[in-house]
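Visitor: In the order they appear, the protein sequences are chains A and W. Counting in our numbering, the final residue of the first sequence is number 116, and the numbers go up one at a time with none missing. Counting in our numbering, the final residue of the second sequence is number 150, and the numbers go up one at a time with none missing.
Treat the hints with care, since some could be wrong.
Here are the computed lysine to aspartate or glutamate pairs in the DMTMM-like style, where the Cα-Cα straight-line distance is at most 20 Å [claimed, not checked]:
#	chain 1	residue 1	chain 2	residue 2
1	A	Lys90	A	Asp21
2	A	Lys3	A	Asp115
3	A	Lys90	A	Asp102
4	A	Lys3	A	Glu41
5	A	Lys39	A	Glu77
6	A	Lys3	A	Glu94
7	A	Lys87	W	Asp29
8	A	Lys90	A	Glu38
9	A	Lys110	W	Asp107
10	A	Lys87	A	Asp21
11	A	Lys3	W	Glu45
12	A	Lys87	A	Glu38
13	A	Lys87	W	Glu84
14	A	Lys90	W	Asp107
15	A	Lys87	A	Glu41
Not the full set, but computed from the structure, chain A residues with beta-carbon under 10 Å of chain W [unchecked claim]:
#	residue
16	Ser19
17	Ala84
18	Gly100
Quick look at which bits of chain A chain W covers, simulated, 3 or more residues with Cβ under 8 Å [claimed, not checked]:
#	region
19	30 to 42
20	109 to 116
Please keep in mind that the hints were generated in silico from the structure rather than gathered at the bench. Since this is a predicted model, take the numbers as computed values, not measurements. In this text, a Cβ means the ideal position worked out from N, Cα and C, and glycines have one as well.
So the chains spell out like this:
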Amino acid sequence: MSKTIVLGLELVDRQLLDSEDRRCGNVDDLALEGGPGEKLEVVAIFSGPGAWRRRAGLIGRFAAWIGGGRVVRIPWEEVAVVSAHVKLRKRADELGLGRGDDRLRPLIQKIPGSDR
Amino acid sequence: MGAEVPLGQIGLLLALVGILFAVGGAAIDTLFSGAYNLAQFLGWEWGRYRSNSGAPRFTLTWIVLLVLGLGLVMTGVDPVQLTEYAVIFSAVALPLTYVPILLVANDRSYMREYVNGRLANVLGLFYLVVIMVVAVTAVPLLILTNAGQN
Chain A
1 MSKTIVLGLE
11 LVDRQLLDSE
21 DRRCGNVDDL
31 ALEGGPGEKL
41 EVVAIFSGPG
51 AWRRRAGLIG
61 RFAAWIGGGR
71 VVRIPWEEVA
81 VVSAHVKLRK
91 RADELGLGRG
101 DDRLRPLIQK
111 IPGSDR
Chain W
1 MGAEVPLGQI
11 GLLLALVGIL
21 FAVGGAAIDT
31 LFSGAYNLAQ
41 FLGWEWGRYR
51 SNSGAPRFTL
61 TWIVLLVLGL
71 GLVMTGVDPV
81 QLTEYAVIFS
91 AVALPLTYVP
101 ILLVANDRSY
111 MREYVNGRLA
121 NVLGLFYLVV
131 IMVVAVTAVP
141 LLILTNAGQN
């Protein structure tokens, strides 16, 4: 973890992968902590439509509303690797990620051949 | 009579089957392209290495696009004219898909030893200029030429 990364370019908007390599959202925003004169630290990742509100003005608020406005906070301790993607230490369902896919799955499973 | 219709009914059937496969193949490309775009933008699970139920939102997206496409064709719109307009607007959108690929090709963390060299970048930038010219002139030309009618 000694490599320097540019948060805005190399962390924000990257794909989140859970411990089983399931794609479960993007890094939509970060939580930074540290007062004046203190060290600034990344303490959490925000993922989900609710995080778009702060990022893209009117369009962001509209997109967040369309997307249901949910946002998941992932503590930085759950991050295993930051590279082309951001790999997490736990499964998506344990972190509250990938809910949309999980909710839709029973419906898609009713279609013949959906397991292929 | 035989000379005028060398293949007859069988020829017609062959042509129809050919059209079915050509249109079907293009439809699969288009549906998956749309679903890939949306799923990758939003960080959803995607891809055919998962089963259909393994990537539910991806699967639902291409099904919805299929229904929308079918609905559009069933309105009775002239498919040739629709295609012409679609091609023009895809030319407008070309730099938006080309630039990210060029950027990724220069990103060592993705590409490692396959990262773009100088020659690839010179050629890449040259094509970018060509694409930009096409994109910027597409709509003015569409209007000026009355969609190629004069």
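Visitor: Now tell me, hint by hint, if it's right for this structure.
Guide: Status of each hint after checking the structure:
1. A:Lys90 x A:Asp21: Distance ~10 Å between A:Lys90 and A:Asp21 Cα, so the pair holds.
2. A:Lys3 x A:Asp115: violated, 41 Å
3. A:Lys90 x A:Asp102: With Cα atoms ~16 Å apart, A:Lys90 and A:Asp102 stay inside 20 Å; holds.
4. A:Lys3 x A:Glu41: holds, 15 Å
5. A:Lys39 x A:Glu77: holds, 17 Å
6. A:Lys3 x A:Glu94: violated, 29 Å
7. A:Lys87 x W:Asp29: Measuring from Cα to Cα gives roughly 30 Å; hence the hint is violated.
8. A:Lys90 x A:Glu38: violated, 30 Å
9. A:Lys110 x W:Asp107: violated, 42 Å
10. A:Lys87 x A:Asp21: Cα-Cα ~8 Å, so holds.
11. A:Lys3 x W:Glu45: violated, 29 Å
12. A:Lys87 x A:Glu38: Between A:Lys87 and A:Glu38 the Cα gap is close to 28 Å, so the pair fails against 20 Å, i.e. violated.
13. A:Lys87 x W:Glu84: violated, 43 Å
14. A:Lys90 x W:Asp107: Cα-Cα ~28 Å, so violated.
15. A:Lys87 x A:Glu41: This hinted pair holds, its Cα atoms lying about 19 Å apart.
16. Ser19: Because about 14 Å separates A:Ser19 from the closest Cβ in chain W, which is outside the 10 Å limit, the hint is violated.
17. Ala84: Given a least distance of 5 Å, the restraint on A:Ala84 holds.
18. Gly100: Interface hint status for A:Gly100: holds (6 Å vs cutoff 10 Å).
19. 30 to 42: violated (count 0)
20. 109 to 116: With 6 residues close enough to chain W, the hint holds.
Violated hints, listed in ascending order, are 2, 6, 7, 8, 9, 11, 12, 13, 14, 16, 19; each of the other numbered hints is respected by the structure.
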